[in-house]
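Visitor: From first to last, the protein sequence lines are chains S and L. Take any residue in the first sequence, count from 1 to its spot, add 772: that is its number in the working numbering. Take any residue in the second sequence, count from 1 to its spot, add 1009: that is its number in the working numbering.
FYI, nobody ran anything at the bench for these hints, they're computed from the structure. Incorrect hints may appear among the rest.
[As the list claims (entries may be wrong)] Cross-link-like lysine-lysine pairs, in silico, BS3-like; alpha carbons within 25 angstroms at most:
(1) S:809 to S:890
(2) L:1230 to L:1190
(3) L:1141 to L:1107
(4) S:814 to L:1283
(5) L:1067 to L:1078
(6) S:825 to S:809
(7) S:809 to L:1270
(8) S:890 to S:825
(9) L:1078 to L:1283
(10) L:1124 to L:1293
(11) L:1230 to L:1067
(12) L:1067 to S:814
(13) S:813 to L:1077
(14) S:809 to S:826
(15) L:1159 to L:1193
(16) L:1270 to L:1283
(17) L:1078 to L:1124
(18) L:1270 to S:890
(19) L:1126 to L:1077
(20) L:1190 to L:1293
(21) S:813 to L:1270
(22) S:814 to L:1270
(23) S:813 to S:890
(24) L:1067 to L:1077
(25) L:1270 to S:868
(26) L:1307 to L:1124
(27) S:868 to S:825
(28) L:1141 to S:858
(29) L:1141 to S:814
(30) L:1151 to L:1107
(31) L:1230 to L:1293
(32) L:1107 to S:813
(33) L:1159 to L:1189
[Claimed, not checked] From chain S, some residues computed to sit far from chain L (all C-beta separations above 10 angstroms):
(34) 807
(35) 809
(36) 811
(37) 825
(38) 828
(39) 829
(40) 831
Note that CB positions come from ideal geometry on N, CA and C, so glycine has one too.
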Amino acid sequence: MLREFQRLAIGFGIAVILVTGLASFGTSADQPEQVIKITAKKFEYSPAEVTVKKGVPVTLEFTSLDRVHGFNCPDLGIRTDIVPEKANRVHFVPQKAGTFEYHCDVFCGDGHEDMTGKIIVAE
Amino acid sequence: MKNSQDRREFLKLMGIGGGVVFLSGLGPLANAATKKEVKNDFFFVQLSDTHWGFSDPKINPDFGGTLKKAVAAVNSLSTPPDFIMFTGDLTHTTDDEKERRRRLKEFHDIVANLKVKTVRFMPGEHDASLDKGAAYQEVFGKTHYTFTHKGVNFIVVDNVSDPTGSIGDTQLTWLENELKKLSKDARIVVFTHRPLFDLAPTWDWATRDGAKAIELLMPYKNVVVFYGHIHQVHNQMTGHIPHHAANGLMYPLPAPLSLPKKAPIPWDPAAPYKNLGFRDIEAKKKKDEYLITELPIKEG
Ligand SMILES: [Cu+2]
Ligand SMILES: [Fe+2]
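Here chain S stands alone, though its shape is the one from the complex (with noise of 0.2 angstroms):
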């Protein structure tokens, strides 16, 4: 039985340790993760515009102060349902400089077409 467990928790020791590594190969240093809260109601993103870097891994928050919203990023393959009541993340690590255009989509009411915002990627 603790062989077992010992087994397991070395083999997911190295998985760790693929991933860790995998995630700050070609990045540009260790940096910290940046967490990005942003909240969501009918029928604006607040911040909307969000800046993030090149290389660094990136968490966004959102949180709903009304109704269920959607948070999708095509260009970064990004997306996330926004649920109220919970902190609904999406975690991802900028590989390109840019601005990207995320929009809701789920469909909210009069509006909810204009319920945009932009990712700004940095050098």
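We have chain S already, so just place chain L with the ligands on it with the hints.
Guide: Relative to the frame of chain S, chain L with the ligands by itself:
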């Protein structure tokens, strides 16, 4: 006006494969008259994105009259269509459930003036996404269904009752089963609201699981998709399957990703009703072709 045969040849030269599309921005309604010369098997009319309840006069000062003009225009076609299909966003969205029902019923009453009595509907996200299609179904019934007409199999796919803009696994299974009943060379016309393919995902011009529907359709040789949602004529192929988006009947939207932000194109007093209109589609049995004519809305 050239006859249909010439149009068809012309469009083939333009390399628009699959369905044959004739686009007429300024074309008079007389286009429809030419059609009579052709021994067509049947034709139907597609109307889309009427957004009844929208009321911004800067975008469309005739917000209360455009739909009625479209009804009158369809009624005045010299050859009546076999049926009429509305491909969603019948009404403009509202958070107020009573108002949503009022708009749906009002829309229903207006289109009751269509002389052709076979009129079919499907919802857009404005009609159905806030209550998963509940109010819509009270007035119009099912949101996905099939019917056949003169040898053509029509399949209506709902990608809006799910507010995430998805078809959903249950409906995809239904679609798979419906398709199984058909031979691989059956004539299939799909009506849907949102594009099934990724036309412009950053503008939400896509269906989240649309690729699964296209995959199911792929083995069938004669499939064509007609949809709405983007308020403009747009024709694109995925493999051998053409997808034809229709003009809207309340406000036009810009070409995909042509502007930093997607927003209704304001009314141009110099060109009223510009880029608003409907289309008739002539199904030619022998050639497995569809002759599409875009028709404008004209001042009263
Ligand atoms: Cu729509
Ligand atoms: Fe629409």
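Visitor: Now tell me if each hint is right for this structure.
Guide: Hint check:
1. For the suggested pair residue 809 of chain S and residue 890 of chain S, the alpha carbons sit about 14 angstroms apart, so the restraint of at most 25 angstroms is met.
2. Using a Cα cut-off of 25 angstroms, the hinted pair residue 1230 of chain L and residue 1190 of chain L holds, with the two alpha carbons roughly 15 angstroms apart.
3. Between residue 1141 of chain L and residue 1107 of chain L the alpha-carbon distance is near 15 angstroms, which keeps this suggested pair within the 25 angstroms criterion.
4. Note on residue 814 of chain S and residue 1283 of chain L: the hinted pairing is violated, with a Cα-Cα distance of about 31 angstroms set against a maximum of 25 angstroms.
5. For a cut-off of 25 angstroms, the pair hint linking residue 1067 of chain L to residue 1078 of chain L stands: about 19 angstroms separates their Cα positions.
6. A distance of roughly 16 angstroms separates the Cα atoms of residue 825 of chain S and residue 809 of chain S; the hinted pair therefore holds under the 25 angstroms criterion.
7. Simply put, residue 809 of chain S and residue 1270 of chain L have alpha-carbon atoms about 24 angstroms apart, close enough for the 25 angstroms limit, and the pair holds.
8. For the hint pairing residue 890 of chain S with residue 825 of chain S, the CA-to-CA distance comes to about 14 angstroms; that is within 25 angstroms, so the pair holds.
9. Among the hinted pairs, residue 1078 of chain L with residue 1283 of chain L is consistent with the structure: their alpha-carbon atoms are about 14 angstroms apart, no more than 25 angstroms.
10. Restraint check for residue 1124 of chain L and residue 1293 of chain L: the C-alpha separation of about 23 angstroms stays at or below 25 angstroms, so the hint holds.
11. Distance check on the hinted pair: residue 1230 of chain L and residue 1067 of chain L sit about 45 angstroms apart at the alpha-carbon level, beyond 25 angstroms; violated.
12. In summary, the hint linking residue 1067 of chain L to residue 814 of chain S is supported, as the alpha carbons are separated by about 23 angstroms, within the 25 angstroms threshold.
13. For the suggested pair residue 813 of chain S and residue 1077 of chain L, the alpha carbons sit about 36 angstroms apart, so the restraint of at most 25 angstroms is broken.
14. The hinted pair formed by residue 809 of chain S and residue 826 of chain S meets the criterion: a straight-line CA distance of about 18 angstroms does not exceed 25 angstroms.
15. Our distance criterion of 25 angstroms between C-alpha atoms is met by residue 1159 of chain L and residue 1193 of chain L, whose separation comes to about 18 angstroms.
16. Distance check on the hinted pair: residue 1270 of chain L and residue 1283 of chain L sit about 20 angstroms apart at the alpha-carbon level, within 25 angstroms; holds.
17. Of the pairs offered as hints, the one joining residue 1078 of chain L and residue 1124 of chain L holds, with about 14 angstroms between alpha carbons and a cut-off of 25 angstroms not exceeded.
18. Under the criterion of a C-alpha separation no larger than 25 angstroms, the hint pairing residue 1270 of chain L with residue 890 of chain S is consistent with the structure, at around 11 angstroms.
19. Using a Cα cut-off of 25 angstroms, the hinted pair residue 1126 of chain L and residue 1077 of chain L holds, with the two alpha carbons roughly 16 angstroms apart.
20. For a cut-off of 25 angstroms, the pair hint linking residue 1190 of chain L to residue 1293 of chain L stands: about 22 angstroms separates their Cα positions.
21. Proposed proximity of residue 813 of chain S and residue 1270 of chain L is supported: the alpha carbons are some 19 angstroms apart, at most 25 angstroms.
22. Among the hinted pairs, residue 814 of chain S with residue 1270 of chain L is consistent with the structure: their alpha-carbon atoms are about 18 angstroms apart, no more than 25 angstroms.
23. The hinted pair formed by residue 813 of chain S and residue 890 of chain S meets the criterion: a straight-line CA distance of about 16 angstroms does not exceed 25 angstroms.
24. A distance of roughly 19 angstroms separates the Cα atoms of residue 1067 of chain L and residue 1077 of chain L; the hinted pair therefore holds under the 25 angstroms criterion.
25. For the proposed pair residue 1270 of chain L and residue 868 of chain S, the alpha carbon gap of about 22 angstroms is at most 25 angstroms, so the pair holds.
26. Simply put, residue 1307 of chain L and residue 1124 of chain L have alpha-carbon atoms about 19 angstroms apart, close enough for the 25 angstroms limit, and the pair holds.
27. With a C-alpha separation of about 9 angstroms, the suggested pair residue 868 of chain S and residue 825 of chain S falls inside the 25 angstroms cut-off, and the hint holds.
28. At roughly 23 angstroms between alpha-carbon atoms, residue 1141 of chain L and residue 858 of chain S fall within 25 angstroms of each other, so this suggested pair holds.
29. The straight-line distance between the Cα atoms of residue 1141 of chain L and residue 814 of chain S is roughly 18 angstroms, inside the 25 angstroms bound, and the hint therefore holds.
30. The hinted pair formed by residue 1151 of chain L and residue 1107 of chain L meets the criterion: a straight-line CA distance of about 20 angstroms does not exceed 25 angstroms.
31. Our distance criterion of 25 angstroms between C-alpha atoms is met by residue 1230 of chain L and residue 1293 of chain L, whose separation comes to about 16 angstroms.
32. At roughly 23 angstroms between alpha-carbon atoms, residue 1107 of chain L and residue 813 of chain S fall within 25 angstroms of each other, so this suggested pair holds.
33. Between residue 1159 of chain L and residue 1189 of chain L the alpha-carbon distance is near 20 angstroms, which keeps this suggested pair within the 25 angstroms criterion.
34. With a least beta-carbon separation of about 25 angstroms from chain L, residue 807 of chain S lies farther than 10 angstroms from that chain, consistent with its non-interface assignment.
35. Non-interface status of residue 809 of chain S relative to chain L is upheld: no Cβ of that chain comes within 10 angstroms, the nearest being about 23 angstroms off.
36. The claim that residue 811 of chain S is not at the interface with chain L holds, since no C-beta of that chain comes within 10 angstroms of its own (minimum 20 angstroms).
37. The claim that residue 825 of chain S lies off the interface holds: its Cβ sits roughly 22 angstroms from the closest Cβ of chain L, which is beyond the 10 angstroms cut-off.
38. Listed as a non-interface residue, residue 828 of chain S keeps its Cβ farther than 10 angstroms from every Cβ of chain L; the least gap is roughly 23 angstroms.
39. The non-interface label for residue 829 of chain S is consistent with chain L: the shortest C-beta to C-beta separation is roughly 23 angstroms, beyond 10 angstroms.
40. Here residue 831 of chain S stays apart from chain L, with its beta-carbon at least about 22 angstroms from theirs, past the 10 angstroms limit.
Hint check: violations occur at hints 4, 11 and 13; the rest are consistent with the structure.
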